[in-house]
Amino acid sequence: MAVEAKHGSNTDRVIEEVIEQYGASREELIPILNEINRKIGFLPNEALEKVSRQLKLPQSNVLSVATFYQMLSTKPRGKHIIQFCESAPCHVVGGRQVWEQLQEELQIKAGETTKDGKWSLVTVSCLGVCGVGPVIVIDEDMYGSVTPDQIPEILSKYD
Amino acid sequence: MPFFRSHVLVSVDPECVKRGAYKLMDALQDELVHQGLNDEIQILETSRLGDPAQFGPDIMVYPEGVHYANLSVDDVPFLVQEQFLKGRVVQKFVAQEKVISDEELGLPKRKEIRSVLRNCGKIDPTNIEDYIAEDGYMALGKVITEMSPDDVINTILKSGLRGRGGAGFPTGKKWSFARDSIGETKYVICNADEGDPGAFMNRRVLEGDPHSVIEGMIIAAYAIGSNQGYIYCRAEYPLAVKTLNIGIQQAREFGFLGNNILGSNFSFDLEVRMGAGAFVCGEETALMASIEGKRGEPRPRPPFPAVKGLFQKPSNINNVETYADVPRIILEGPEWYAGMGTEKAKGTKTFALAGDVKNTGLIEVPLGITLREIVYDVGGGIKDDKAFKAIQTGGPMGGMLPATLLDMAVDYDTLTAAGSIMGSGGMIVMDEDTCMVDMARFFMDFTQDESCGKCVPCRVGTRRILEILNRICDGEGREGDIELLQQLCFEIKRDSLCGLGQGAPNPVETALRYFREEFEAHIREKRCPAKVCRKLITYEIVDGTCTGCTVCARNCPVNAISGERRKTHVIDPDICIRCGICKQVCNFNAIIIK
Chain A
1 MAVEAKHGSN
11 TDRVIEEVIE
21 QYGASREELI
31 PILNEINRKI
41 GFLPNEALEK
51 VSRQLKLPQS
61 NVLSVATFYQ
71 MLSTKPRGKH
81 IIQFCESAPC
91 HVVGGRQVWE
101 QLQEELQIKA
111 GETTKDGKWS
121 LVTVSCLGVC
131 GVGPVIVIDE
141 DMYGSVTPDQ
151 IPEILSKYD
Chain B
160 MPFFRSHVLV
170 SVDPECVKRG
180 AYKLMDALQD
190 ELVHQGLNDE
200 IQILETSRLG
210 DPAQFGPDIM
220 VYPEGVHYAN
230 LSVDDVPFLV
240 QEQFLKGRVV
250 QKFVAQEKVI
260 SDEELGLPKR
270 KEIRSVLRNC
280 GKIDPTNIED
290 YIAEDGYMAL
300 GKVITEMSPD
310 DVINTILKSG
320 LRGRGGAGFP
330 TGKKWSFARD
340 SIGETKYVIC
350 NADEGDPGAF
360 MNRRVLEGDP
370 HSVIEGMIIA
380 AYAIGSNQGY
390 IYCRAEYPLA
400 VKTLNIGIQQ
410 AREFGFLGNN
420 ILGSNFSFDL
430 EVRMGAGAFV
440 CGEETALMAS
450 IEGKRGEPRP
460 RPPFPAVKGL
470 FQKPSNINNV
480 ETYADVPRII
490 LEGPEWYAGM
500 GTEKAKGTKT
510 FALAGDVKNT
520 GLIEVPLGIT
530 LREIVYDVGG
540 GIKDDKAFKA
550 IQTGGPMGGM
560 LPATLLDMAV
570 DYDTLTAAGS
580 IMGSGGMIVM
590 DEDTCMVDMA
600 RFFMDFTQDE
610 SCGKCVPCRV
620 GTRRILEILN
630 RICDGEGREG
640 DIELLQQLCF
650 EIKRDSLCGL
660 GQGAPNPVET
670 ALRYFREEFE
680 AHIREKRCPA
690 KVCRKLITYE
700 IVDGTCTGCT
710 VCARNCPVNA
720 ISGERRKTHV
730 IDPDICIRCG
740 ICKQVCNFNA
750 IIIK
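So the protein sequences, as listed, match chains A and B. Just so you know, the working numbering puts 124 at position 124 of the first sequence, and the rest follows in order with no gaps. Take any residue in the second sequence, note its place counting from 1, add 159, and you have its number in the working numbering.
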């Protein structure tokens, strides 16, 4: 989830490249949106417009897909994205305390981004590494068996 | 295939890679070449061997089975010299691990039978030759050269294999429906959208043995007459997607996929499709909508996918484990498979054991085993020797079963009769400190969040149940709430469109059925017997045990604790937010929950 392109100057180029890569057909809508989301960090309006024009789909259709899937975001997100696994196996081994500590530390709630644009906090469904719960993922780094007091130290690794 | 006297498995778990696993692998390779050992010792990539954060980068050396941890490039010459030239284990590099080397998938425990998981952790998933060496693609060869599509379907029917995705529909029957459907184009789809919290069996099979799934799908395609297949894998499993793509590419190179497979006139190809994070996409009609590039919303059935599926064409959709079962059934014969399990539920099933059990991780057991055997023999019993309270089977749409049902056999029908489901195979064990009202609320929070919103009973009904459970946990439960919950559960089950809504009430229903007294304690006495629900508990400091060390007062985030040094401290319940930090930091166990 490392953001490759800054939203703005080269947004257009990124979108064009992605559509070219997958081909402008309806079946490729989700892979296309996924890739744009990964490259720009979220799906800006102009991206949705452009995709809808190129794939010859109503814009409402594109927006409805973009807002349906959890991993696609239509709002700008922070530099680093913290995913917290909110699933039962993590919950029963102390996930709630970790979740509260995260919100306390960053002073934001689920789905929000810190004012300085550094962090976004999202919940994610089971990541399938239940043997080492509670689990959080920051960008692409996974942390297992997390305890609340480890949170400040983990966060301090990122700038 | 060349013979190697020793194999080195290098963990390329993301964490290990970050810590230089590939550099280590290159250094090992260079050193083996330097010592002239590269024809005798093979280096392979594998997924995690132990906790990467603790051990990475780490390697496993076979046949000795020695786990070397925290290796750096500088350690390589010495290690190669000692281990491979002199044949001595280098103790200073051996991982200091008390338990098993792979915490997800250890050595088979008592009462386990490894069939689907037979190759996981044993072969290099990114090398098709490893799979072939374990009789891989032999079943496909047999099917194409010796069997007609009807023979294949009859074999699967005879084996008694039932869908491993949860509903347990006989696989052979499903295939024959798709075969009988009229249409030029037919699709074979693999449901690898393993979204049930706590279930990661499919992930391990995809990451550890992708070819067994690919081979199973090719055989299914041959049986129903399909030329194109899709594997729909959830985006939360990036490694599985990568391994599958490598596997598909290699299968094409070997002529197992593509045109004229193994020289026959049967052609079939496969593509991996990724989700974008939506639990409901595990439902088959929602999954197909998602492959088509639409919102993953289910649609009513009939028409069933076998008649009108992906892109309106007849489609066969099975789960990862079901396909992985197929090659062995073809090779060993349906009688072998039907010899395991019970009369109505044949074969083995993988489960992911999680929660308060000593051995968490993946297991594979014959169906018909009891819950007690799973929890105590395979799982090793409850952590910290606490008492067993409940086991949740079948994921968030399954039920929570009490200790009185521990001797129940695990099969599709028995679980359904008890109010739960087999599901895809997640099992969460809960100890005596678990509040069942809180757990019911937790599962409901999940399903109402994941409801796609298309049908009213599920969208609105799950929200109403959650509101009632929230108020019960907050000590504001009312007389009549239990009956209201039962009514809602009944109606949501009856009227919802898909499996998600129909199954969503199961945790609440079973909690009410087996743990009703806990609901009553919350509602009538405003008491949480397991001391979990925050609004219903207070923290107190025991006079006499407290030494007045002030550690609790210093750690309290809201300054609710007061007291002089060396004197018993006091918690002000009006300020206290029940975070539990004081109890965690107290060195004298002087803080209790009431």
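No lab work stands behind these hints, which were simulated from the structure alone. Be aware that one or more of the hints could be misleading.
What the hints assert, rightly or not - One side only, chain A facing chain B, incomplete, derived with CB under 8 Å:
#1 Glu28
#2 Pro89
#3 Val92
#4 Thr114
Unchecked claim - Taking lysine-lysine pairs in the DSS-like style, the calculated list, with each CA pair at most 27 Å apart, reads:
#5 A:Lys109 <-> B:Lys694
#6 B:Lys613 <-> A:Lys75
#7 A:Lys157 <-> B:Lys467
#8 A:Lys109 <-> B:Lys742
#9 B:Lys177 <-> A:Lys79
#10 A:Lys75 <-> A:Lys157
#11 B:Lys317 <-> A:Lys109
#12 B:Lys453 <-> A:Lys50
#13 A:Lys157 <-> B:Lys177
#14 A:Lys39 <-> B:Lys401
#15 B:Lys467 <-> A:Lys56
#16 B:Lys690 <-> A:Lys75
#17 A:Lys118 <-> B:Lys177
Quantities reported herein were computed from a predicted structural model and do not represent experimental measurements. Ideal placement from N, C-alpha and C gives every residue a C-beta, glycine not left out.
Quiz prompt | Structure-inconsistent hints, enumerated in ascending order | solution = Of the numbered hints given earlier, those the structure breaks are 4, 7, 11 and 16, listed in rising order.
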